[in-house]
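Sequences and hints are given; from them, build the entire structure.
There are 2 protein chains.
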Amino acid sequence: MPPPDSRIRKHEEDARGRPFHFLEARLLYCDAMLKQVLEQGRASADIALERLLPPGTQHPESIHRAMRHSVFAGGKRLRPILCMEAGRMISGTSSAGTLPAGIEDVGAALEMLHTYSLIHDDLPALDNDDLRRGRPTCHKAFGEAIAILAGDALQTQAYEVLAQLRCPAEARVDIIREIAHATGTIDGMIGGQVVDLEAEHKKPDLATLEYIHRSKTAALITASVVGGGMYAGATVEQIARLRGYGQSIGLAFQIVDDVLDLTQTSEQLGKTAGKDTAAEKTTYPSLFGIDESLRKADALVAQACAELNEFGSAASTLKDLAHFLVERKK
Amino acid sequence: MPPPDSRIRKHEEDARGRPFHFLEARLLYCDAMLKQVLEQGRASADIALERLLPPGTQHPESIHRAMRHSVFAGGKRLRPILCMEAGRMISGTSSAGTLPAGIEDVGAALEMLHTYSLIHDDLPALDNDDLRRGRPTCHKAFGEAIAILAGDALQTQAYEVLAQLRCPAEARVDIIREIAHATGTIDGMIGGQVVDLEAEHKKPDLATLEYIHRSKTAALITASVVGGGMYAGATVEQIARLRGYGQSIGLAFQIVDDVLDLTQTSEQLGKTAGKDTAAEKTTYPSLFGIDESLRKADALVAQACAELNEFGSAASTLKDLAHFLVERKK
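Chains A and B, in that order, give the protein sequences.
For the first sequence, position 320 matches number 320 in our numbering, and the numbering has no gaps at all.
For the second sequence, position 55 matches number 55 in our numbering, and the numbering has no gaps at all.
Read the hints as simulated data drawn from the structure, not as lab findings.
The reader is advised that the hints may include incorrect statements.
Same chains, same names: a pair is fine if it fits in one copy or spans any two.
To be verified - Dumping the calculated DMTMM-like pairs for lysine to aspartate or glutamate here, alpha-carbon to alpha-carbon at most 25 angstroms: (1) Lys296 <-> Glu39; (2) Lys203 <-> Glu61; (3) Lys275 <-> Glu144; (4) Lys140 <-> Glu200.
Bear in mind the structure is a predicted one, so any value in this text is a computation, not a measurement.
Following this line, the structure appears as structure tokens:
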């Protein structure tokens with residue numbers, strides 16, 4: 001049974017006396033706007049990735065084809081979209097503001113880093129997964145050696161791109177430091193992956209589970225939002241707001257991911273379903289059940305949106321994106 | 001039979017009429033100075049690495065212990081030393097000039113990148129090596145999953161360090177771009193590794209062999225020298241000189257490495273000897289024989305030193321280091 005739509009609930013709680021059919025119409029409008037943000041964001045991330053990744057005909061071809069195989073496998077480009085929309089919010093006063101020129105390159109670098117982590121996570125020595133986004137994983141298609149090197153190369157390429165962004169050098173080094181830390185071993189992506197590996201077939205406590213989620217997933221999502229803000233010249237206070245938003249939606253995103261692993265088929269997911277149960281992983285739903293996990297995710301989204309209240313209407317897209325991350329559960 | 005000492009030959013060719021015993025005494029003095037440069041450089045690189053790598057007691061411990069296992073396995077720290085001495089040459093007019101403050105952090109980042117490449121090269125899917133610098137390889141000591149992630153993490157940590165160097169942000173992004181490109185897929189370290197993998201059990205031509213050596217080894221050595229120069233504020237012309245020097249010594253270094261693989265024992269090398277022959281790899285000595293390969297290496301060293309003539313006596317340490325790379329063969 002799906003839980004009630006959190007957006008309608010939110011609007012009802014506004015107590016502004018608007019009738020339900022008005023709210024319903026507004027929701028349809030929001031959905032259409034959000035769909036446009038997602039589609040346009042994905043398209044511009046893809047154009048940037050196409051430009052910034054060496055072509056498959058570039059020597060040595062195998063590695064470039066392997067990098068492209070995994071990058072162009074139908075990802076939603078959530079991290080680039082969050083990055084670009086954070087930049088748009090900071091640079092404009094309205095949600096119709098234009099994107100800061102060149103910010104899609106930050107998004108492309110984030111997607112390269114995300115893809116490198118997927119390629120390495122899928123390796124036989126780690127999750128040993130054959131399927132990713134509905135296609136053979138990199139090592140299945142190109143062999144283990146090239147997959148390891150393709151992951152390495154996507155990480156390298158990301159930093160080469162970030163070093164050449166069209167923003168002041170000071171902002172570039174800030175973005176690089178932020179992203180490197182978020183993907184590192186201390187409260188970052190690799191640290192989360194290590195603790196996750198070591199927690200298999202054990203029963204970690206809630207603190208360990210939260211460490212895994214915050215580090216493995218939320219850290220890079222947070223860096224995406226913060227990096228986009230930095231690109232657009234955000235103040236220290238604005239960065240702190242973006243960080244709070246990113247941390248909350250990042251954790252909500254991972255909770256929903258764990259739920260989807262339980263409730264959806266491999267076909268729906270585009271990757272092997274039920275992996276967590278098979279690996280006896282502790283997840284939010286395994287500790288709290290599905291309903292309570294989703295309530296927790298909703299609360300985190302509300303908290304994320306509250307962080308952005310001071311940005312007024314300019315924050316509406318990031319707020320819609322926060323809700324969208326949780327709506328995926330339906 | 002060892003070939004004649006190229007430094008004595010060089011001095012004889014100077015035809016400055018100095019008697020042999022004078023040259024011999026000067027050589028002993030140079031050896032003592034060089035030994036000091038190598039020992040002090042290694043010590044300051046090690047101190048920087050100790051400071052910049054998370055301690056083995058830092059959560060999650062396994063990954064930090066694995067990173068340190070491979071980094072502190074007795075490397076010569078050649079890349080950091082080349083980087084620091086390039087910086088010293090640019091910043092001072094004499095070879096007794098002081099090091100630019102904080103340049104050892106560039107060196108430490110270079111060593112992290114070099115170590116990441118060794119960890120991944122040693123994996124079962126690549127070279128499948130059990131021994132490195134006389135110790136068990138990372139995956140032998142910590143398992144494959146942690147070894148893959150430790151390599152990833154060393155790359156990440158290198159960029160986090162580079163983003164926080166004590167030089168202007170403009171120089172930092174230049175250094176990051178230079179190093180990322182040198183370790184990437186196009187004429188860089190990963191590209192060289194891919195072509196090397198694909199050349200096994202084949203008979204690649206000289207052009208392919210030179211591509212492998214220039215990309216797999218010389219590119220990062222060049223970036224070490226160029227990066228050190230950039231840190232010290234080198235001009236575009238000075239960078240071009242350093243690049244020429246780095247490319248020549250990098251290729252000479254790899255030729256000598258191939259010779260050592262044939263002529264030394266595993267114990268002397270601290271890694272498995274005879275690997276190239278076993279893998280039927282084409283190498284310089286397999287194409288030209290040992291003597292001709294060493295003559296080629298000597299010529300490259302002379303070429304490297306000629307690039308630095310305009311720096312006068314400030315270049316003496318880098319010139320001595322160039323000779324040292326080839327002298328390893330004895």
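For each hint, the structure was consulted:
{"no.": "1", "hint": "Lys296 <-> Glu39", "in the structure": "neither (28 angstroms within a copy, 57 angstroms between copies)"}
{"no.": "2", "hint": "Lys203 <-> Glu61", "in the structure": "between (44 angstroms within a copy, 19 angstroms between copies)"}
{"no.": "3", "hint": "Lys275 <-> Glu144", "in the structure": "both (21 angstroms within a copy, 20 angstroms between copies)"}
{"no.": "4", "hint": "Lys140 <-> Glu200", "in the structure": "both (24 angstroms within a copy, 21 angstroms between copies)"}
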